[in-house]
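Enquirer: Make the full structure from the sequences, and use the hints.
There are 2 protein chains.
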Amino acid sequence: MAQASLQSSDAGQSAGPDPVDRILAYLSGFVSLTEAEQQLVRRLTRIEHYAKGTILLAEGRVARENWLVIQGCVRVFRRAHGADRTLAFHTEFHPAIPPTYGKDTPSPVTFECLEDVVASASTPEEEARGFAEHPAFESVCRVMGEALVARLQQAHIDALTRTAKQRYLDLAARRPDLLQRVPQYHIASYLGIQPETLSRIRRRLSRRASPGR
Amino acid sequence: MAQASLQSSDAGQSAGPDPVDRILAYLSGFVSLTEAEQQLVRRLTRIEHYAKGTILLAEGRVARENWLVIQGCVRVFRRAHGADRTLAFHTEFHPAIPPTYGKDTPSPVTFECLEDVVASASTPEEEARGFAEHPAFESVCRVMGEALVARLQQAHIDALTRTAKQRYLDLAARRPDLLQRVPQYHIASYLGIQPETLSRIRRRLSRRASPGR
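So the protein lines, in turn, are chains V and U. Quick note: the first sequence uses our numbering, first residue 889, plus one each step. Quick note: the second sequence uses our numbering, first residue 889, plus one each step.
FYI, nobody ran anything at the bench for these hints, they're computed from the structure. Incorrect hints may have been included.
[What the hints assert, rightly or not] 30 Å max Cα-Cα, derived BS3-like pairs, lysine-lysine:
1. V:LYS1053 / U:LYS991
2. U:LYS991 / U:LYS940
3. U:LYS1053 / V:LYS991
4. U:LYS1053 / V:LYS1053
5. V:LYS940 / V:LYS991
Expert: Below, the structure written as structure tokens:
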């Protein structure tokens, strides 16, 4: 819940409070941090800025970092059957974790910045240092991990059991900013349909919505 | 890796060492636990036995528990477009976590025991008690959570970008026991194809394999 409200209120702001303040505000929705723990987060956080178009991780490469997006949008996709298949859009306060993070195996996916991105970046070594220095960090990551597991499962269930139209309506309800921020062909690729099919769905929905008003 | 070897070596055994000993052996692949921490795991673990056919969680109900499967197979599925769509098979040492676990919202999926199941079960209250009593438990859950996030992402990527035949071959390579243990129509529903299509894929593969021998 905290996440959803942060997402919509912060989306599109180009300037704002200090990135670490925003992380702390976000974390306060999960756990209550003491002043000392907040200082620890400040000390452990490495903020990075990436320009639009940056490839954070290319398919086939080893994933050395993971990210918590503070501002901007990262698209995750894979080349499949001659086209891109978009698997996720990571926006404000989404953890963007490569599936092979921490392993020496090639990444099955590419992480691409669709907008200028501000993110907290970390390597396995940085995280291990954080865990060793303070158990509260362990707790924060565990709780965020649980939220992520729930979201990944829901996305998987939706992708396999709901129609493209249902998923488009879900997206419009849950992440309305995304439909404004991301080119329609990426949304279509996320829904697993052709851009023309998405246009048709949108036309039908708007026609149905108009006469009732 | 520890997981894969445990899965195949233990599959199908009807009797074996004490379930908690098996959990400890499994956990030792992730973290090194002191004697005191091992005692804690013993104290916190609630082992349950469920008969084949038991519905651990029905679609539409609130998820009050999660499970770590120690023996047996739990199928996760959803009714969609007039049929079951199988989303996961949780076998030895898979965490079986309902996507709505810990929330008051209805589960989008059903968890069904395809075999007699031995599992470690827990509620949010039991987990909170464990975390409060010992930070090492937090660490164990964080590490297991990371492994789960990686696996869920890989399953999602595979389901959306690989063909049914590729996914069948992956399954045969990574979880060969599953193909023996689970009825073919459930495997087909997991691959998102009709049972007849799966039979055709299997026939073609076996025909191709035979002449080369």
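Enquirer: Decide, hint by hint, whether the structure agrees.
Expert: Verification of the hints:
| no. | hint | result |
| --- | --- | --- |
| 1 | V:LYS1053 / U:LYS991 | 26 Å, holds |
| 2 | U:LYS991 / U:LYS940 | 27 Å, holds |
| 3 | U:LYS1053 / V:LYS991 | 26 Å, holds |
| 4 | U:LYS1053 / V:LYS1053 | 27 Å, holds |
| 5 | V:LYS940 / V:LYS991 | 27 Å, holds |
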